[in-house]
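Trainee: Sequences listed follow chains A, B and C, in order. Each residue of the first sequence is one higher than the last, beginning at 721 in our numbering. Each residue of the second sequence is one higher than the last, beginning at 721 in our numbering. Each residue of the third sequence is one higher than the last, beginning at 721 in our numbering.
Take the hints with a grain of salt, since some may be wrong.
What the hints assert, rightly or not - In silico BS3-like links for lysine-lysine, alpha-carbon gap of 27 Å or less:
1) 747(A) x 779(A)
2) 779(C) x 779(B)
3) 776(B) x 779(A)
4) 747(B) x 779(C)
Hints in this document: simulated from the structure, not taken from any laboratory.
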Amino acid sequence: MQLYPLKLVTVVGESVIMEDIAEEGIKLGATGYSMSEVIGHGSRSARNVGEAGGAKTLKIEFVVPSDVAVEILTHVSHEYFEHYAIIAWLSDVSVMRGEQYTRKSGG
Amino acid sequence: MQLYPLKLVTVVGESVIMEDIAEEGIKLGATGYSMSEVIGHGSRSARNVGEAGGAKTLKIEFVVPSDVAVEILTHVSHEYFEHYAIIAWLSDVSVMRGEQYTRKSGG
Amino acid sequence: MQLYPLKLVTVVGESVIMEDIAEEGIKLGATGYSMSEVIGHGSRSARNVGEAGGAKTLKIEFVVPSDVAVEILTHVSHEYFEHYAIIAWLSDVSVMRGEQYTRKSGG
Numbered sequence: 721m722q723l724y725p726l727k728l729v730t731v732v733g734e735s736v737i738m739e740d741i742a743e744e745g746i747k748l749g750a751t752g753y754s755m756s757e758v759i760g761h762g763s764r765s766a767r768n769v770g771e772a773g774g775a776k777t778l779k780i781e782f783v784v785p786s787d788v789a790v791e792i793l794t795h796v797s798h799e800y801f802e803h804y805a806i807i808a809w810l811s812d813v814s815v816m817r818g819e820q821y822t823r824k825s826g827g
Numbered sequence: 721m722q723l724y725p726l727k728l729v730t731v732v733g734e735s736v737i738m739e740d741i742a743e744e745g746i747k748l749g750a751t752g753y754s755m756s757e758v759i760g761h762g763s764r765s766a767r768n769v770g771e772a773g774g775a776k777t778l779k780i781e782f783v784v785p786s787d788v789a790v791e792i793l794t795h796v797s798h799e800y801f802e803h804y805a806i807i808a809w810l811s812d813v814s815v816m817r818g819e820q821y822t823r824k825s826g827g
Numbered sequence: 721m722q723l724y725p726l727k728l729v730t731v732v733g734e735s736v737i738m739e740d741i742a743e744e745g746i747k748l749g750a751t752g753y754s755m756s757e758v759i760g761h762g763s764r765s766a767r768n769v770g771e772a773g774g775a776k777t778l779k780i781e782f783v784v785p786s787d788v789a790v791e792i793l794t795h796v797s798h799e800y801f802e803h804y805a806i807i808a809w810l811s812d813v814s815v816m817r818g819e820q821y822t823r824k825s826g827g
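With the rest of the complex left out, here is chain A:
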């Protein structure tokens, strides 16, 4: 079985910004994402993720090529880390039919 190395980018943060991040991920080259509701608790600078009575917290996952992963992580870091309770991480994954995770140019 042929497996293709890709990256899984996971972003957890306040729901108010997560729809934007999902769309921005697509603009940066992701071909899709999955999003789910979580209860978050954190000690991030700005405020707690999902602190008592707080806003809904969402988790987004993108499976993308390495360069797109870095672009998404850099974008999220620059745009949101300072003012929002958000965390993001990257991990290695393998998929079958890897070409489906790369957007065709002109597509």
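Guided by the hints, dock chains B and C onto chain A, whose structure is given.
Mentor: For chains B and C alone, coordinates are given in the frame of chain A:
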């Protein structure tokens, strides 16, 4: 602490096929799974995952030995990739008490 | 882009113990966690995770330094593996601004 290397297989797709995939994963050697509801968005060939007003999307995770992971991924790919909006990926994980993830023969 | 290697600890188990595990993870050094509801099915010794009509199953994720990951996994294993339906695994992740995942002494 002794850690055992295993594989995490994640499958995200339309709920109509996910119960079957869960059962098929068990038949192929997984000793368990966890399933959760997600909002999916993708550009897969057949149709979008969870497209506007579309069906519920589910995510299933199996923690399994490497050979079982390959069997599940191959099965999912062969049976579902062509006709359903589904993505699947593999990643490396470590567990304690790894023997509990391997089915005993005759069990 | 500077990325820092950390560990993702994932624990899936009966909701009755998951709030405790979340708090214990924080005491052991995690700076946060995210928690979500899943449907679990397993063949663990004690009982099935989320077996028919059974209790709610929760999944907790901690992103932590390696030593904290080992402490959480060891704690969960020692305290809960014998009597509860619970599984836990570890994987490698990378984050930006890794210092935010390490608790300051005296904090």
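Trainee: Confirm or reject each hint.
Mentor: Do the hints match the structure? See the list:
1. 747(A) x 779(A): holds (18 Å)
2. 779(C) x 779(B): holds (13 Å)
3. 776(B) x 779(A): Given pair residue 776(B), residue 779(A) holds - Cα atoms ~17 Å apart, limit 27 Å.
4. 747(B) x 779(C): Within the cut-off at roughly 24 Å; holds.
The structure shown violates none of the earlier numbered hints.
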